[in-house]
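**Q** Protein chains in written order, with my numbering: chain A, 1 to 391; chain B, 1 to 391; chain C, 1 to 391; chain D, 1 to 391.
Since the hints were derived computationally from the structure, they do not count as laboratory data.
Just so you know, not all the hints are guaranteed correct.
[Stated by the list, open to error] Label-pair distances were calculated between CB atoms; the ranges are:
#1 D:Thr131 / C:Asp185: 31 to 41 Å
#2 D:Val41 / C:Ser232: 53 to 63 Å
#3 A:Ala134 / B:Asn121: 53 to 63 Å
#4 C:Ser232 / D:Asn291: 56 to 66 Å
#5 C:Glu386 / B:Arg3: 53 to 63 Å
#6 D:Glu262 / C:Asp299: 46 to 56 Å
#7 B:Arg3 / A:Lys235: 27 to 37 Å
#8 C:Glu262 / D:Pro36: 56 to 66 Å
#9 D:Ala217 / C:Lys106: 49 to 59 Å
#10 D:Lys235 / A:Ala44: 55 to 65 Å
Note that the structure is predicted; figures quoted are calculated from it, not measured.
Every residue gets a Cβ at the ideal spot worked out from N, C-alpha and C, and that includes glycine.
Number of protein chains: 4
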Amino acid sequence: MTRKTGRQFFANPGPTNIPDSILRAMDRATIDFNDPEFMEVFDAGVAGLKRVLRTGSEIFLYTASGHGAWEATLVNLLSPGDTVLVLESGWFSEGWAEMAAKFGLKTQTVPADWRRGVDPNAVAAALRADTGGAIKAVLAVHNETATGMAMPLADIRGAIDAAGHGALLLVDTISSLGSLEFRMDDWGIDGVVGGSQKGLMLPTGFSFTAVSAKAMAAHAGAQLARHYFDWSVMKNRPQRSFVGTVPVSLFYGLRESLRLIELEGLDQVVARHHCLAEATRRAVRSWSGNNGPQLFCLDPARVSDSVTAVLMPDGFNADAVRRTALDRYNVSLGGGLGKLGGQVFRIGHLGDLNEPMVLGTLSVVEMSLRLNGVPHGKGGVDAAMEWLAAA
Amino acid sequence: MTRKTGRQFFANPGPTNIPDSILRAMDRATIDFNDPEFMEVFDAGVAGLKRVLRTGSEIFLYTASGHGAWEATLVNLLSPGDTVLVLESGWFSEGWAEMAAKFGLKTQTVPADWRRGVDPNAVAAALRADTGGAIKAVLAVHNETATGMAMPLADIRGAIDAAGHGALLLVDTISSLGSLEFRMDDWGIDGVVGGSQKGLMLPTGFSFTAVSAKAMAAHAGAQLARHYFDWSVMKNRPQRSFVGTVPVSLFYGLRESLRLIELEGLDQVVARHHCLAEATRRAVRSWSGNNGPQLFCLDPARVSDSVTAVLMPDGFNADAVRRTALDRYNVSLGGGLGKLGGQVFRIGHLGDLNEPMVLGTLSVVEMSLRLNGVPHGKGGVDAAMEWLAAA
Amino acid sequence: MTRKTGRQFFANPGPTNIPDSILRAMDRATIDFNDPEFMEVFDAGVAGLKRVLRTGSEIFLYTASGHGAWEATLVNLLSPGDTVLVLESGWFSEGWAEMAAKFGLKTQTVPADWRRGVDPNAVAAALRADTGGAIKAVLAVHNETATGMAMPLADIRGAIDAAGHGALLLVDTISSLGSLEFRMDDWGIDGVVGGSQKGLMLPTGFSFTAVSAKAMAAHAGAQLARHYFDWSVMKNRPQRSFVGTVPVSLFYGLRESLRLIELEGLDQVVARHHCLAEATRRAVRSWSGNNGPQLFCLDPARVSDSVTAVLMPDGFNADAVRRTALDRYNVSLGGGLGKLGGQVFRIGHLGDLNEPMVLGTLSVVEMSLRLNGVPHGKGGVDAAMEWLAAA
Amino acid sequence: MTRKTGRQFFANPGPTNIPDSILRAMDRATIDFNDPEFMEVFDAGVAGLKRVLRTGSEIFLYTASGHGAWEATLVNLLSPGDTVLVLESGWFSEGWAEMAAKFGLKTQTVPADWRRGVDPNAVAAALRADTGGAIKAVLAVHNETATGMAMPLADIRGAIDAAGHGALLLVDTISSLGSLEFRMDDWGIDGVVGGSQKGLMLPTGFSFTAVSAKAMAAHAGAQLARHYFDWSVMKNRPQRSFVGTVPVSLFYGLRESLRLIELEGLDQVVARHHCLAEATRRAVRSWSGNNGPQLFCLDPARVSDSVTAVLMPDGFNADAVRRTALDRYNVSLGGGLGKLGGQVFRIGHLGDLNEPMVLGTLSVVEMSLRLNGVPHGKGGVDAAMEWLAAA
């Protein structure tokens, strides 16, 4: 087999492109996690995470992937028999609900078309109907990685307030944090789930939960069994995080990640993601002519700036396109998840990215459509270039 | 402050010295965890872990530290109200028991002096007394990192067999695997808990559980709630491991780790750890003259080959010695855990280690004893050199 | 200033894109250059270089850039007053001639239009005219990095043979080796000058000279003063190379470089460079419409497969285009050298490269032309994609 | 073969221990050496080198090892037939003289016992005798790496001044710079030769020459042929250094090197080298009892703080000791050079070093003496510990 030459273009929506300087920062000998030198790096990392979350809340970290932080939020805040209101968005809202059920929680769903997402009015209605206060938490995925749709969190907050309901608002920001605008305190989020491997541009390795004062109060009475993810255990440790050994290398990476993010400026990070996402969408819209593939998300106000899901025309397989891109051109695209398998491919455009990386990726997508005989409108890359040159 | 020059000597009993070639192997761009290229690396890693465990059993891996694997073993194998028999060894056996209690399990302890460990006859007696079969699992820590004592697992297996009891034997090998002899199948272990950050010479990042057929049968009926660590969820994934994103970098490190271990030969790895541990013990025994510090573990047949715990003479603080070693000589020693805080320091000698690393460490310990006015016999380093030159 | 995000696209014609695995291989502690472990790596590296050069000749290496190897060739093979025949190709043929003059050699030039290069018949004529045999060596640059033109070496050899002249044929392969076809022995080259930093995909650090038996005989009588580059000194050293300390890290990189080249296959490396170069040329030809920029090299048989020089339309500055590409899009293009400064920009396409890297680069060039108001034909990237999809 | 485990102790007197942070700084993609980003790093590196040299003089750098900088100094400052006065110190003073002869210079030597070095009075006498002013330069090796002897440069300067002779004072600081005290301007040095691979803690890759105003004036009239090392060529380049491509990676390493050196403080760097060297010498002095090995350098005022040469007792081979240290314990010692081959081994103690690294090394030397049956006094490591604990 011919070796794949050159650098792989990683357009999978997470994990994502890790800058070399972050990789190098983690490429170091280990250190005692109670060493004062490490504690300084750790504390600075936690302080920086708060700035990225725009919050003054406490943060708990886990050696875990994002699913661990999901679980941490549930087991620390809820008791057997509690109801959670799940805002349907796609594969990941389904997954979080499924997890809740495994722990003996009742799940109620605000249903939605995956191509459009929930109506905030429907959320308000569901909460108003809960006159008995059974619903203890609302679970929302900020950016549904499976469909490329972003949830308007301020509107969700508004819906809860309008309903006058006291449920906690728990939000998964795994594929939005460090890419899309997010304001934990301004938006009244009670529990935030995040991970290292997306907008923070680190490898998979730690996830975390930021917890509002209201949620910490709820934690005091929560009855679900827990230990590895137990905030009460963590609070007695020097790091106020992690049960067991601390993954020290990642915090040297986090230090560099925060330096890069803040050197660029958080607002500029968000603006850059928007600009590159829009270039991607313009390419897809060009391809959608001639009965070609189209944007999966139908609501222009909700298209995600970190990942674009592309729906194939009937009769054409998304995975064949992905395979061409990977095997022939060394470009890794994301596949369709769950019921979208084969129908959708996804172009990740988050993390440490620039224009030629996006344009190289879009060029390969365009060639791969052609090589697989997928009907499509011409000029996708040209449309992207036009947008980017004018940006 | 003067910068610490030279390479830090990391004589903390874990995480441990990571060979440069492993660090470099992990210092790479990310990859899709479903990419066939990664699946090949992953599968080879799992196969290699089985060789190191000397088992044909199934392995489940988690993005978690060792405590996560502890929890995985409990929640996948047990039901509320089950009893576990904990073999007291020290800080870590206490911790595992505490975790079990958090999940509504009953814990019964075979008590032991931390300087000697449990008597297998006492284990047999406890099991014989359990005529109702309430005890579903025996929890044993192979190498108690806090006290530098190794449990004779074959004898424990013998005690269970002698009692004719059907409890599962669950063993924590976190600080023994890849350092001390371990034979899962030969010794009839039902559940093994291991982590990346000790004898495998990787950073903290994944932990795992190997599960015997008998244990897999028990899993089918286990009722504790779980999701992040649920083997039944994992079994449906391509990796048969990990709920959520896979920490891909670590598997490139694991590939290199296994290459190094098998290039040296597993038996030789064990023999080397013994040789370097014995050098350390000979130094400590020299220092123990003149009412000096002594080996914490009193049973010469159970002294650990991966970590040596050293008990200070009355009135002298172990942490002062550690501080001198770290601040003045850039040598990181382990501290006393739990009730041993201040009384014990620990010299880790596991992972990627050689004679001058050990001798440099012992030299610094000897100088740090002197600088803190701790009484001690002379010639510790000389005794270690004598042993090593003759080895 | 906004930080430059994402990975820089390095389309400068050398040094070039270094694969991560080569960077990692060099990222290691030092080693004694007489250690048997290193000698094995070194010897394997030299053997591999011979395979890449397709030669059985001896190789001498220097801690030096390519200019050092130029100098080595002159001072080891020639005597004061000797004449060298320089085949004009551009900036680098001029530079080599200038160096020769500094050492008291007489230089005679076969002149050429830089956009076309020398006529082999003119070479033959010059040699025939040298009835006294004053010309001791012919200096040819295989790939003129400044103009993007490749010299037909087999034809040059033919011209020398046709003239029946005994001059040595000395060839600079710095920007061709590992990218363009090259056959030292088949083509009867007497001295080859090469460096680490182009097709070998290493950093700048060592250069080398391969020396035919005929050239070694000439060395015996060569009178120019030398020491640092003296082959006679080197022949007495274990490495038969390097006066002074050996740059050991680079040889760990070379081992990986050779592994990658031979995994891909040298013929496939050459074919890939051709394919990506042709994509680049098709883009330039599209842009050349509408009085746009054009290929600098006018001879379609001589266009270089490792670098494309692009001539700007009158009145437009190449460096402005380069600045836009670098400052706005993080793409590094090469500038015009010597008298071509400002008139030419150069797109390097050598080393570890793939389609999306080239297409991302071409996209940025196309946007940069637009942003600088440079007239150009449309569809450059489209033409490149068309070629690559059909390739 | 059993793999060598653990980290190699590199006690070879150069190249030397490279801190991980320097290795990581160099482990990066390439960059155009005319990119403003690089120029900033380059300029800061040159400014830092001047601080380390304690000079305001101009510096020229070469892609070359130290021998290249030797050659640069000669060919830029001298003319055929000029005489250089070589101060004998050992292998390296011989080598520099040999090189000078190759370029047609006359060499006159102030002879010395290699175990004591030249008498400054003899230097003054030789210069006074040169009434015709034939001697254009005095060549002195600051730290003779082969013998572990440091030359008192201020005294040499004094001798030249006392003689009232106008010769340039050219000094090789390759194994002293960044380890021993050195003051170019205060000591009136006209040309300094240095390299990257010793006290600067970088790999072999660049060397340099600092040039006083007096020497620059001499350069104007120097007639030796040169190009690769020609300062006049370099002065027209943006970097005012390097003929040809610039080894960019090394300057990212140099930036980190300077950061480390200046964080520690140059005076403290010198003091640390002295402290660790003295520990080494005390060990050797202990071993010298019982007719054991002894310090090669007999002048206690001239013993080198960067390398200790140890003379074996008659009938015992230094290389056997080195082989034991390397093969059995993974410690790399230096061998005897030239006529000292087999009689001397050398312990390097320069660069990024600390106490346990030195003590681990000395322990291995002591065991290797024992294993080879070399008679020696006991307690070498003990003596070193005693010194270091009291330091």
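**Q** Can the suggested window of 49 to 59 Å be confirmed for the beta-carbon pair alanine 217 of chain D and lysine 106 of chain C?
**A** Given about 31 Å between the Cβ atoms, the range is violated.
**Q** Has the hinted range 53 to 63 Å been met by the Cβ atoms of glutamate 386 of chain C and arginine 3 of chain B?
**A** Between glutamate 386 of chain C and arginine 3 of chain B, where Cβ atoms are some 57 Å apart, the hint holds.
**Q** Measuring from beta carbon to beta carbon, are threonine 131 of chain D and aspartate 185 of chain C in 31 to 41 Å?
**A** 59 Å, violated
**Q** Okay, glutamate 262 of chain C versus proline 36 of chain D on CB: inside 56 to 66 Å?
**A** Check failed, 38 Å falls outside 56 to 66 Å.
**Q** For lysine 235 of chain D and alanine 44 of chain A, compare the CB-CB distance with the range 55 to 65 Å and indicate the outcome.
**A** 45 Å, violated
**Q** State, for the Cβ atoms of arginine 3 of chain B and lysine 235 of chain A, whether the hinted interval 27 to 37 Å holds or is violated.
**A** Since the Cβ atoms of arginine 3 of chain B and lysine 235 of chain A sit about 34 Å apart, the hinted range of 27 to 37 Å holds.
**Q** In this structure, is the beta-carbon distance linking glutamate 262 of chain D and aspartate 299 of chain C contained in 46 to 56 Å?
**A** Since glutamate 262 of chain D and aspartate 299 of chain C have Cβ atoms about 55 Å apart, the given range 46 to 56 Å holds.
**Q** The hint says 53 to 63 Å between valine 41 of chain D and serine 232 of chain C; measuring C-beta to C-beta, is that right?
**A** Once the Cβ atoms are compared, 38 Å apart, the range 53 to 63 Å for serine 232 of chain C and valine 41 of chain D is violated.
**Q** Using the beta carbons of alanine 134 of chain A and asparagine 121 of chain B, state whether their distance is inside 53 to 63 Å or not.
**A** With a Cβ separation near 55 Å, alanine 134 of chain A and asparagine 121 of chain B satisfy 53 to 63 Å, so the hint holds.
**Q** That 56 to 66 Å hint for serine 232 of chain C and asparagine 291 of chain D (C-beta), does it hold up?
**A** 43 Å, violated
Consistency note: the structure conflicts with the earlier hints numbered 1, 2, 4, 8, 9 and 10.
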